[in-house]
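Asker: Model the placement of chain B on the given structure of chain A, informed by the hints.
Number of protein chains: 2
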Amino acid sequence: MIDINKANEKAIQKVLNAQPFLVGMGIARDVIPGMHENLFLHAGPPITWEKMSGPMRGAVMGALMYEGRANTPEEAEKIAESGEIEFSPCHEYGAVGPMAGVTSPSMPVYIVENREHGNKAFSNMNEGYGKVLRYGAYDEEVLGRLKWFDEELYPLLKKAIELSGGIDMKSMIAQQLQMGDEGHNRNKAGTSLLIRTIAEYVVKTKADHDVLERAFNFMNSNDLFNLNALMASCKATMDAAHGIEGSTLVTVMARNGTEFGIRVSGLGDRWFTGPVQQPDGLYFSGYTAEDANGDIGDSTITETSGIGAFAMASAPAIVQFISGSPDMALEATNEMYEITIAENNAFGIPILDFRGSPTGIDIRKVIETGILPKINTGIAHKNPGVGQVGAGLVTPPMNCFEDALEAFAETLAEA
Amino acid sequence: MIDINKANEKAIQKVLNAQPFLVGMGIARDVIPGMHENLFLHAGPPITWEKMSGPMRGAVMGALMYEGRANTPEEAEKIAESGEIEFSPCHEYGAVGPMAGVTSPSMPVYIVENREHGNKAFSNMNEGYGKVLRYGAYDEEVLGRLKWFDEELYPLLKKAIELSGGIDMKSMIAQQLQMGDEGHNRNKAGTSLLIRTIAEYVVKTKADHDVLERAFNFMNSNDLFNLNALMASCKATMDAAHGIEGSTLVTVMARNGTEFGIRVSGLGDRWFTGPVQQPDGLYFSGYTAEDANGDIGDSTITETSGIGAFAMASAPAIVQFISGSPDMALEATNEMYEITIAENNAFGIPILDFRGSPTGIDIRKVIETGILPKINTGIAHKNPGVGQVGAGLVTPPMNCFEDALEAFAETLAEA
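Chains A and B, in that order, are what the protein sequence lines are. Using the numbering used here, read the first sequence as starting at 6 and increasing by one per residue. Using the numbering used here, read the second sequence as starting at 6 and increasing by one per residue.
Some clues are possibly wrong.
Because identical chains share one entry, a pair is satisfied inside a single copy or across any pair of copies.
[Unchecked claim] Below, in silico cross-link-like pairs of lysine to any residue (SDA-like), each with a Cα-Cα straight-line distance of 25 Å or less:
{"id": "1", "residue 1": "K209", "residue 2": "G329"}
{"id": "2", "residue 1": "K209", "residue 2": "S226"}
{"id": "3", "residue 1": "K387", "residue 2": "F289"}
{"id": "4", "residue 1": "K211", "residue 2": "I32"}
{"id": "5", "residue 1": "K211", "residue 2": "L158"}
{"id": "6", "residue 1": "K83", "residue 2": "L44"}
{"id": "7", "residue 1": "K163", "residue 2": "D35"}
{"id": "8", "residue 1": "K209", "residue 2": "E157"}
{"id": "9", "residue 1": "K370", "residue 2": "E348"}
{"id": "10", "residue 1": "K83", "residue 2": "G170"}
{"id": "11", "residue 1": "K152", "residue 2": "K209"}
{"id": "12", "residue 1": "K163", "residue 2": "N10"}
{"id": "13", "residue 1": "K136", "residue 2": "S328"}
Honestly, the hints are just simulated from the structure, not real lab data. Just so you know, these numbers come straight off a predicted model, no measurement behind them.
With the rest of the complex left out, here is chain A (with noise of 0.2 Å):
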């Protein structure tokens, strides 16, 4: 007979005991395995293009015109819709992308090192805040920003971090829950970290000062700036404890604007789908709940691996940028000790007395408790083209956890 909570505690101590490392960077096509010319990796679950919701479609067309296939969005929905590009969800290559997460072959990828397990993790680079690529937006400010990135930034910071000989992510995520930051939508510190620690190494590859200039002052404008790296620590993360026979800990949360999916440790490579919710938070001015698409992103392996909604408790300012008050913050935090395995012993939250993030939701206490995760999001417009409107609060479609359990009811039947 299969013990779950040992299986579960097997899967647990995977994740507290990962050690996510920056190592490097590379292009999409050489470093992550399995990759293609005609492969385009999305956010979520599995999506034809027929279901993408328009902030998707916005970044499938925007990244064909980055990789020169097509001129203009037209010819870009044209080639889209042909069946001549192939779609596949950013976590069946060890990979995550906040938002639309469209990442393709051409795209700059942060790898991440579980240096306790040995796997790996990829994501793309981080645009910033408003009209970006992840938010469905394709116009000429947004690929002339990725162009950039390929030509200049990219090859920067990707020697700064050969440089530095790998930086410690784990230790960085653990100082932003000290630091006001819930690791999700609020990257404050994480990024000022980032900076600091990587200041020096940029520096020392002796690029040009005009070129330093120009990326301390896209890193210095973007509060997202080390998001995309933090993601790729938390996938490596959740990497190591999936595929734990009789394990019932959530390792995969991700939407993709049409479908929100998970994935279980115990339960292989299926998906639980169900439809996803409406965020529910603040729009920036001239927009509202109208303009909003459906959730979207695989930015919630944050909250998957214990922190973003789940440490809300150490960042009460986010409130400002999600509504909300204070309290709110800290009773989401409470509320997801109910539904974890483990308190995280290197993410302490200050103001709960340093008591570790709850870490490493469990399908079983889900369905028991009737509590939802809590996840922070950023909110995209509906219509393609469009970007940013807002950011807020979602839970996931209660479904994923109910088909998950009969799914693993099943298995053990079958054990």
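Answerer: Frame of chain A, contents of chain B only:
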């Protein structure tokens, strides 16, 4: 008749409206008005060489060697006791210095301008933790670092600050309070924010790559890198509120290691002093309370202006450094509302629902409530030449406030 509340309202508005900007750097003798070749500034109220405690003597001896006026500690001691050097409080020259605060004519200082009121304040450069001049150490490592400041780091930062057009220190302090700093003993976020803000201007100087590398390495290694510029910002803020007839606002609290002194807005340039207390805190490995010097330093300008221990609720993680529990941090801030005039509209504390930090000590309230201002502080070894041995909490002696109130009553009687 003098309306004290009206006078305090006028004084506190000067505090709340202050706009301190880091605008430049210069050599003390060139930029501090009144500075001359034989003048050494120090922390706290006035003191003679004979009454100076170990760490302040150590810092004076180190400064004499740094200035090239002595070759050995013994030679330095002889010069110091000869009467050749004039010792004066930093505060009497618009300056502030952490711990011993010794500022000699050749030292580089930050220049902070209060753009609302036009006054300027100064502070020397922060050397990092442990064995440093401000804690009374003076060996080759200490003097070598100061030499490197003079030759390389100071010219670089001076140029970078000038290229920046001025750095808004008030905005930076406000952000720190949302990022787990209280701005006195914990400045990890402030340091990170200053590094990321200044980085593009540092490289814009077009200094050699190895110069840039050493600068970023040092800045990243020192979580108090921003402290001295921050202290000068607090000084520029409080100086604007000094000298208002009838005001019972405390504009200076400072320690010279032997005596604690305060100054009051409506009481001119008089100091009200009492013996310093022993800080209560945590000691570095190998040291105990037996090794500790009495309370020392001008860094209490932070508490005087409403941050530091007054904003400790913003920095629950600080208890790891100074002892205590996160609850204690909340209580400290809550208690300080009892003795202050205003809640600082610029400095919201997230966990207190963005309530403004308790700002502006009223000597009347201290006497009425019997509540002494709380102060976070570093702890120096009592002997010259050693350095920092710990950090903790301390309060001023009550008689400073009693004496000030008595003097105030006399002033009123004369009016």
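Asker: Hint by hint, note whether the structure agrees.
Answerer: How the hints compare with the structure:
1. K209 <-> G329: So K209 and G329 fail the 25 Å test inside a copy (44 Å) and across (41 Å) alike.
2. K209 <-> S226: This pair counts as both: shortest intra-copy Cα distance 22 Å, inter-copy 16 Å.
3. K387 <-> F289: within (14 Å within a copy, 56 Å between copies)
4. K211 <-> I32: Result: close within a single copy only, 22 Å intra versus 30 Å inter.
5. K211 <-> L158: both (14 Å within a copy, 18 Å between copies)
6. K83 <-> L44: Within one copy only: 16 Å inside, 78 Å across.
7. K163 <-> D35: within (14 Å within a copy, 44 Å between copies)
8. K209 <-> E157: both (15 Å within a copy, 17 Å between copies)
9. K370 <-> E348: For K370 and E348, the Cα distance is within 25 Å only inside one copy (15 Å; across copies 44 Å).
10. K83 <-> G170: neither (44 Å within a copy, 50 Å between copies)
11. K152 <-> K209: both (24 Å within a copy, 23 Å between copies)
12. K163 <-> N10: neither (42 Å within a copy, 60 Å between copies)
13. K136 <-> S328: within (22 Å within a copy, 46 Å between copies)
Hints 1, 10 and 12, counting from the list given before, are not met by this structure.
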